[in-house]
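*Asks:* The chain contents come next:
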Amino acid sequence: MDWNLWALKKSVWVFHVNTGACNNCDIEIVNLLTPKFDVERFGIKLVGSPRHADALLVTGGGTRQAAVRLKEVYRQTAKPCIVFCMGACACGMGIFEKGYHMAGPIDTILRQVDPDAIIAYVPGCPPKPEAMIMGVVKALAALQPKEKYATERMGQAVVANPA
Amino acid sequence: MTVVLQNAFWILIFPGLAFTLAVGLFASWLVRKVGALVQYRVGPPVYQPLADVMKLMGKEILVPQEGHRTVFIAAPLVGLAGVLLLSTILWLATAGISYVGDVIVAMYLMVFPSLALILGSSASGSPHAAVGAGREMKLVLGYELPLVLALIVVLIKTAGWTEPGEQLSLVAISQRASVLSVSGALAFIVALLCVQAKLGFVPFDIAESESELSGGVLIEYSGALLAVWKLMQAMMLVALPLFLVVVFLGGIDPSGLSFVWGIGKFVLVLVLVILIKNTNPRVRIDQAMRFFWLYCGLAMVVAVILASIGHYRGIAWL
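Chains A and B supply the protein sequences, listed in that same order. Position 93, counted from 1, in the first sequence is what UniProt numbering calls 93; the numbers after and before it change by one each time, with no gaps. Position 273, counted from 1, in the second sequence is what UniProt numbering calls 273; the numbers after and before it change by one each time, with no gaps.
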């Protein structure tokens, strides 16, 4: 058994990044952390610093201003880390697709920093907390030891400053 | 040689590292579980602290560019070493192994975690951590005075029961429960609040405040170094309530049924700490300073005077 993988699946600390969301997904994410849904049962905890985080909950379509910050936050995250795109905007920019201020969906922004980023998508406008829990469960179940996200990727240099 | 081996065994295996870590991880689960029950939640499973630490051990360690590398890496280890020695001394004192003056050694070792936190967060070069370090420093200044005064109350009360000069050992102090007197009870309450601040729990989690400093002193730590901090905090959850039990509540008698009662006292102190944590909002740093220096300090001056009167007049209940 891969104990590293087991521990990561049982203890996911999340950091919440808003990249220009309309606040609807954020409300649902905060709802997820309330006593009603109680994700601490699964070891999921909200942390204040990306250094402590194992998962980034990204909401919003990724505006040009926010894209720079998102890349910086991703670079600062300690590295076996999973990115969850929460909501329709984060998955594919949603209704803001043609907006002049958009820098592309979250996955394209992140691939510029790290081409091998592990990204999971939870669509919905906004996704229900139940849907988010299901998304997290499915994403964690999809993590296989053979991917060696913990050891192989650790030595890889994440692009330092892709302008 | 055998003395060295025995000391190494004490520090690394039985009452020290391995044993205290196991108890500490369980205690930190208890903190989260009781907190969850207070909020009508289910709470994390019992292996949760272990899974957290194991996960952190497997993660990347990031050292900030502006930081001081050596101090940044050494600080958590220094803190862990301090708490390790403290818990070993306290466990040995419950087993009756002690020497004159270990009260003072324990007092010094109790400052180690805070000192290491201040060092580590200052070395990380982050402005958030710097604010956190400043708050932690002020908090240490705040609670050390009432805590030392509370200890002096116990020393005065113990002086009546033992040979002169012998009261400076933890075993002598733990012979009787000082809490069963007016000044002793006052001192226990104040020391409990000081321990709350030492543990960095709400209402005194000012240094680590997650809402405005987003992790405060620990903000730049990741991976195995953060795991060492978490282990240190877990061990403090054992050492500091144990300190209160040994000093104020008559210690843990390792023989027979009274051992169960001793464990009960330890759990009682732990649950008191958890309940204070879950029923209070965070205070500001100036409120904490005023609370510790003015209210707790004055209460302790009164307790010291009461204990002295009780000692000279031979009134045990004062």
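Just so you know, the hints here were simulated from the structure itself, not pulled from any lab data. Incorrect hints may appear among the rest.
[What the hints assert, rightly or not] Below, simulated DMTMM-like cross-link-like pairs (lysine to aspartate or glutamate); rule was C-alpha separation at most 20 Å, straight line:
1. K10(A) to E60(B)
2. K138(A) to D38(A)
3. K138(B) to E212(B)
4. K45(A) to D286(B)
5. K128(A) to D2(A)
6. K138(B) to D253(B)
7. K9(A) to E60(B)
8. K9(A) to D38(A)
9. K9(A) to E97(A)
10. K36(A) to D107(A)
11. K138(A) to D107(A)
12. K45(A) to D107(A)
13. K10(A) to D107(A)
14. K138(A) to D286(B)
15. K138(B) to E60(B)
16. K33(B) to D107(A)
17. K9(A) to E212(B)
18. K33(B) to D102(B)
*Asks:* If a hint holds in the structure, say so; if it does not, say that too.
*Replies:* Consistency of the hints with the structure:
| no. | hint | in the structure |
| --- | --- | --- |
| 1 | K10(A) to E60(B) | 18 Å, holds |
| 2 | K138(A) to D38(A) | 18 Å, holds |
| 3 | K138(B) to E212(B) | 18 Å, holds |
| 4 | K45(A) to D286(B) | 30 Å, violated |
| 5 | K128(A) to D2(A) | 32 Å, violated |
| 6 | K138(B) to D253(B) | 37 Å, violated |
| 7 | K9(A) to E60(B) | 16 Å, holds |
| 8 | K9(A) to D38(A) | 17 Å, holds |
| 9 | K9(A) to E97(A) | 33 Å, violated |
| 10 | K36(A) to D107(A) | 31 Å, violated |
| 11 | K138(A) to D107(A) | 18 Å, holds |
| 12 | K45(A) to D107(A) | 23 Å, violated |
| 13 | K10(A) to D107(A) | 25 Å, violated |
| 14 | K138(A) to D286(B) | 47 Å, violated |
| 15 | K138(B) to E60(B) | 32 Å, violated |
| 16 | K33(B) to D107(A) | 37 Å, violated |
| 17 | K9(A) to E212(B) | 28 Å, violated |
| 18 | K33(B) to D102(B) | 34 Å, violated |
The structure fails to meet hints 4, 5, 6, 9, 10, 12, 13, 14, 15, 16, 17 and 18 from the earlier list, while all remaining hints are met.
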